[in-house]
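Enquirer: If you read the sequence shown in the numbering used here, its first letter stands for residue 96, the second for the next number, and so on.
Hints are not guaranteed to be accurate.
Here are the computed lysine to any residue pairs in the SDA-like style, where the Cα-Cα straight-line distance is at most 20 angstroms [claimed, not checked]:
no.	residue 1	residue 2
1	186	135
2	324	125
3	435	284
4	257	279
5	135	327
6	307	225
Restraint ranges, calculated between C-beta atoms of paired labels, are given here [unchecked claim]:
no.	residue 1	residue 2	range
7	383	284	20 to 26 angstroms
8	211	144	44 to 50 angstroms
9	141	431	23 to 29 angstroms
10	305	331	45 to 51 angstroms
11	140	366	38 to 44 angstroms
Keep in mind the hints are simulated off the structure, nothing from the lab. Quantities reported herein were computed from a predicted structural model and do not represent experimental measurements. No residue lacks a Cβ here, since even glycine has one placed at the ideal position from N, Cα and C.
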Amino acid sequence: MTKKIFATGATGYIGGDAIYALLSASPEYEVSCLVRSGAKATELVARHPSVRIVDGTLDDLELLEEAAANADIVCNFAHATHEPSVSALAKGLARRQRPGHGYLIHTMGSGTMIYDDVIQRRFGEHSDKVFNDVEGLPEVLAVPDFAKARGAENAVRDVGVKNPDRVRTAVVCTGSAYGPGRGLVEYRTSAIHELVRCTLSRGHALQVGAGKSAWRNVYIRDLSDVFVKLITHATNDEQDSDNTDESVWGGSGGYYFVENGEHVWGELARAISDEAVAQGLIQGGDIESIDAAEAASLAPMCNFFWGCNARVEGRRAARGLNWKPVGPPLVKELEVIVQKEAEKLGLS
Numbered sequence: 096m097t098k099k100i101f102a103t104g105a106t107g108y109i110g111g112d113a114i115y116a117l118l119s120a121s122p123e124y125e126v127s128c129l130v131r132s133g134a135k136a137t138e139l140v141a142r143h144p145s146v147r148i149v150d151g152t153l154d155d156l157e158l159l160e161e162a163a164a165n166a167d168i169v170c171n172f173a174h175a176t177h178e179p180s181v182s183a184l185a186k187g188l189a190r191r192q193r194p195g196h197g198y199l200i201h202t203m204g205s206g207t208m209i210y211d212d213v214i215q216r217r218f219g220e221h222s223d224k225v226f227n228d229v230e231g232l233p234e235v236l237a238v239p240d241f242a243k244a245r246g247a248e249n250a251v252r253d254v255g256v257k258n259p260d261r262v263r264t265a266v267v268c269t270g271s272a273y274g275p276g277r278g279l280v281e282y283r284t285s286a287i288h289e290l291v292r293c294t295l296s297r298g299h300a301l302q303v304g305a306g307k308s309a310w311r312n313v314y315i316r317d318l319s320d321v322f323v324k325l326i327t328h329a330t331n332d333e334q335d336s337d338n339t340d341e342s343v344w345g346g347s348g349g350y351y352f353v354e355n356g357e358h359v360w361g362e363l364a365r366a367i368s369d370e371a372v373a374q375g376l377i378q379g380g381d382i383e384s385i386d387a388a389e390a391a392s393l394a395p396m397c398n399f400f401w402g403c404n405a406r407v408e409g410r411r412a413a414r415g416l417n418w419k420p421v422g423p424p425l426v427k428e429l430e431v432i433v434q435k436e437a438e439k440l441g442l443s
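Produce the entire structure from the sequences given, and follow the hints as far as they go.
Expert: This is the structure:
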């Protein structure tokens, strides 16, 4: 039986690349995507003629529930903190009547892990604390919800725990994704891009405090490979009754930090400055140290992104899905990122 997939966020950076990767690898899937009708829906179908558009938004909860109830695999690539929509997707999967399990794959960032830095008002400082998604999972799940993402995450995990014979779940926590997307969005405005923009606008690089805080990152195509592997595993799961590895789905597993590198923000600021100088965009010079309040005024939430630590180690994808990232490191992409931001600012 052909698997039916319902996806939200398919016109975004992460979702768009994931849909491209999935349909390139397995064009036989029946994919439906939640998109508000208009230019984006038209462009998505032009790129992927087999995709069916479900006209709506994340606030159309009954529509989401019904779409999930009619799907085999639901991929939420949209707003990670929109708990009502995630709950509607979970509710729909729980009542589906199709054969076999329903699968819910939820995407979020790893920003919840900055909790200690935020509570202690510690910005720009190094932390030795590194969270992992296997042995350290209980500690990860115990981190309080201050970023409003844990409510949606809990809705995902709960539907699997309460309906183990009907629903299996996976939560994918991404590092800072970078690289050219293959969907409707080629490059998104991320904290990395914002740092480049501010560097070009001010004529010199900047960092929060001592610039020693660190964040994990991942090449966008390697991230999409995790989604493809999860969906493939779900398909094989239903074909092989013995293929029910609890480390891959829900319960004591089903939680993924997806990363393949780490950037220290001060070091990244210097690398950005060097690249911008090489392109003749700025004169260079010392890196300016700013406080968290100024960072927040320059770019939304970047007091947290640039100033806090989200140091995580992804072990589960390699062990359970045989994931092997192959993309270039972030520093190799800086030339293009700087070029793109310079174009937006009219500097090139």
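Enquirer: Could you grab the alpha-carbon distance between residue 257 and residue 279 and see if it respects the 20 angstroms cut-off?
Expert: The hint is violated at about 36 angstroms.
Enquirer: So the hint says 38 to 44 angstroms: do the beta-carbon atoms of residue 140 and residue 366 match that?
Expert: holds, 40 angstroms
Enquirer: Lying within 44 to 50 angstroms: is that true of the beta-carbon distance residue 211 to residue 144?
Expert: holds, 48 angstroms
Enquirer: For the pair supplied as a hint, residue 324 and residue 125, confirm whether the alpha-carbon distance does not exceed 20 angstroms.
Expert: holds, 17 angstroms
Enquirer: Would you mind confirming whether the straight-line C-alpha gap from residue 135 to residue 327 stays at or under 20 angstroms?
Expert: Violated: residue 135 and residue 327 sit about 27 angstroms apart, past 20 angstroms.
Enquirer: Using the C-beta atoms of residue 383 and residue 284, is the stated range 20 to 26 angstroms upheld?
Expert: holds, 21 angstroms
Enquirer: Check the hint pairing residue 307 with residue 225 against an upper bound of 20 angstroms on the C-alpha distance.
Expert: holds, 15 angstroms
Enquirer: Need the status of pair residue 435, residue 284: alpha-carbon distance at most 20 angstroms?
Expert: Answer holds: residue 435 to residue 284 is near 11 angstroms, not above 20 angstroms.
Enquirer: Does the Cβ pair residue 305, residue 331 satisfy 45 to 51 angstroms?
Expert: Given about 48 angstroms between the Cβ atoms, the range holds.
Enquirer: Please verify whether residue 186 and residue 135 have alpha carbons no more than 20 angstroms apart.
Expert: The given pair, whose Cα atoms are some 27 angstroms apart, is violated under the 20 angstroms limit.
Enquirer: Could you see if the CB distance from residue 141 to residue 431 stays within 23 to 29 angstroms?
Expert: Holds, since residue 141 and residue 431 (Cβ atoms, about 25 angstroms apart) stay within the stated range.
This entry does not satisfy hints 1, 4, 5, going by the numbered hints stated previously.
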